[in-house]
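Chains as they are written, first to last, in my numbering: chain A, 22 to 439; chain B, 22 to 439.
Rather than coming from a laboratory, the hints here were simulated on the basis of the structure. Treat the hints with caution; some may be incorrect.
The list treats identical chains as one, so a pair stands whether inside a single copy or across any two.
Computed list of lysine to aspartate or glutamate pairs in EDC-like fashion (alpha-carbon distance at most 16 Å, straight line) [claimed, not checked]:
{"hint": "1", "residue 1": "Lys133", "residue 2": "Glu217"}
{"hint": "2", "residue 1": "Lys264", "residue 2": "Glu230"}
{"hint": "3", "residue 1": "Lys75", "residue 2": "Glu278"}
{"hint": "4", "residue 1": "Lys247", "residue 2": "Glu197"}
{"hint": "5", "residue 1": "Lys121", "residue 2": "Glu279"}
{"hint": "6", "residue 1": "Lys59", "residue 2": "Glu76"}
There are 2 protein chains.
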Amino acid sequence: MNAHIITIGDEILIGQTLNTNAAYIGSRLIELSIDIKKTSVVGDNEQQILNEFKECFNENDLVIVTGGLGPTHDDITRNCIVKFFNTALVLNEDVLKDVKSIFSKRGRQVTKLNEDQALVPKNAKVIRNKLGTAPGVWIEKDNKIFVVMPGVPFEMQEMMSSYVMPNLKEKLGEPEFVTTRLVLQTTGIPESFLFERLGNIDELLNGAEMAFLPSQFGVKLRITVKDKTTEAANNRLTEIEQKIRNKVGRFVYAQGEETLEEVVGRLLKERELSIAVAESCTGGNIANLLTNISGSSDYFERGVVSYSNGSKVEMLQVDEDIIQKYGAVSPEVAEQMSKGIKSISGTDLGLSITGILGPTGATPGKPIGLVYISICDINSCIIRKFLFGEDRLLNKQRATQAALDMIRKHILGIQQDD
Amino acid sequence: MNAHIITIGDEILIGQTLNTNAAYIGSRLIELSIDIKKTSVVGDNEQQILNEFKECFNENDLVIVTGGLGPTHDDITRNCIVKFFNTALVLNEDVLKDVKSIFSKRGRQVTKLNEDQALVPKNAKVIRNKLGTAPGVWIEKDNKIFVVMPGVPFEMQEMMSSYVMPNLKEKLGEPEFVTTRLVLQTTGIPESFLFERLGNIDELLNGAEMAFLPSQFGVKLRITVKDKTTEAANNRLTEIEQKIRNKVGRFVYAQGEETLEEVVGRLLKERELSIAVAESCTGGNIANLLTNISGSSDYFERGVVSYSNGSKVEMLQVDEDIIQKYGAVSPEVAEQMSKGIKSISGTDLGLSITGILGPTGATPGKPIGLVYISICDINSCIIRKFLFGEDRLLNKQRATQAALDMIRKHILGIQQDD
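With the rest of the complex left out, here is chain A (with noise of 0.2 Å):
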């Protein structure tokens, strides 16, 4: 089965909103090895719309499209699949309820604008939104199937989970090969470099595919093995991975879609260890993504944002004296901060962070992008340099990361430095 999926919205088109349900929808149907030919984007504008159902419809088993289902003047998606298919509007009685109990929940009136929602395309069938007032539709037709959702993400990924995915697998049946992906995620080499560790590509994937993705967190290793059963592909995508890890092991932090913070909260979970972090330059990014995760009341404790000086001491139990001599961004400053950290939150681990992330702030001898990590336990600190780049947001994230990384490596025992 191959499928294109089109998302609408000039929005999307001229960039005010990232194309996220491309994304989600993407990373679903790979999952029944659906083979995702193109994605498109085109406006709010019927004849483009029109056009864009036409060429791919004719050209794939499957259309997902997202958008314009709204409430408002400017959505014309529902229209638009009238046209498209010669049909008409019918009311479902059963949306009408979902729009009404919304509603009440929300302890609003339902207005007429509101339900018209429950107005969908004749011969579809109907979606329900559990999250929102605009329901789905599939549609089939000779052979071929055409999904139409919301645009609002959590809307549309709630009816790609309970509705999309199971009514797509049963379709599927039986595969006759098999995909299979594996995801490794690095932190702390460049791609260059991890590609020339890696050594003789063809060698070591044998007939499989690697895909080198950086960013600023790091680079994603994605490699894809087919074959004629799940047992003899797992069985190549293991004997790859090991490969790899032998090599490049020490900066693998994640297999799949694991987070650093997820990983990071999984392995203070396991060894039931406490901590509490002490942030300057990244101004409570770190304490943001390790309570990004449910659950983290366990392990995370408190967090400082000391970005005054004055705070540093007066929260930290850092010496005026040693900010005076060596800079509130020095190894110095940066191990006081873990030592008081932990002090104060009686946690297993304390970590800090400080350093000059831009676009001003740089004096002599220190550079934007100059950074400090230290981390503490019971018995001892480690402190390490690093100097990333310009910009202050993409030095903010990778910092973030670093720090994220120097807390895995900690604990589990590995070198720090490459």
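Place chain B on chain A using the hints.
Okay, now just chain B, sitting in the frame of chain A:
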């Protein structure tokens, strides 16, 4: 001039990487009133890339391609350019110099793989890469323009700003008609309520266009006016803006793409107010966003992520009895937290937040999504209660946005609740 944006990469197609590049390029092209017809994503497959080049170059005046120019084996875009334009690769000495200089700055050796990045298609103009090793190319043929840039976002963005935009501007000359756009960002009011408060949309717009763009951060209104002169278009925009502000002005936090944290930062700076924040459920995200802004150290004094009850008592002077009596998620604790953080920091404003973001932690009478936010100044404290949804990360973003908007309304003296 109409345009098509092509993004190359399996990682985009299968949703491992968000297509931020198409969004960025789209946002830049509309600055020049270039009409973006469509954007598409194709995988790392020579035949599909060549087909897409052909179709898009036939139908558009401008094609912009990103991705697949890196140094590793899965980067095949450069060879596709060579085939499509029936040309060859030649060594470019300037690029070779750039590559060598980048590696020497980072204290790393240049490898053969990196040196090969200096091979560029003959007859193409080279777009030098100031932040990485893969150069871009600009090709003109049959009065059309074909631009290819690397997929690493910050490298591509730099090339757009320093080369592509100025060159496109020169090509375009004086425009025949002018399109002006205005974005008003609202928060704290659902899409359908905003729509209804605006009344008769056709009357309001009088020939202009308006789109509603909802997300967890609020609803953006995008108004588009076409007219013969910039002045005429701007006058009509101003008139519409005024009408909208008269009806829902309280919910409008920004004009254009300014983020709420930028707005709040600007207001704090203008009024010379300092702030400190005490976060429980948002885990540092409010501090994180406030410190994303360069210069935030002028007004952001410190943050405390008081995740444990102990940290609320020890760091924020919250009464242990009050936590016992009312629970950590209560208006009473929120108020004490905001008073506490203001008092220990000596700032003009103290903000606090406590809530249950889920998926666990609900108790009888305290559902998931319940959040209290409090803001104190020298005179008084206000506390607001919010009820968000079920999803932890969405709740974190919504709660953060609500807290930032409370600061905004407080500084501007705007009524807090709707």
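Against the structure, the hints come out as follows:
| no. | hint | verdict |
| --- | --- | --- |
| 1 | Lys133 / Glu217 | between (63 Å within a copy, 10 Å between copies) |
| 2 | Lys264 / Glu230 | within (14 Å within a copy, 57 Å between copies) |
| 3 | Lys75 / Glu278 | neither (35 Å within a copy, 35 Å between copies) |
| 4 | Lys247 / Glu197 | within (11 Å within a copy, 54 Å between copies) |
| 5 | Lys121 / Glu279 | neither (38 Å within a copy, 35 Å between copies) |
| 6 | Lys59 / Glu76 | both (12 Å within a copy, 13 Å between copies) |
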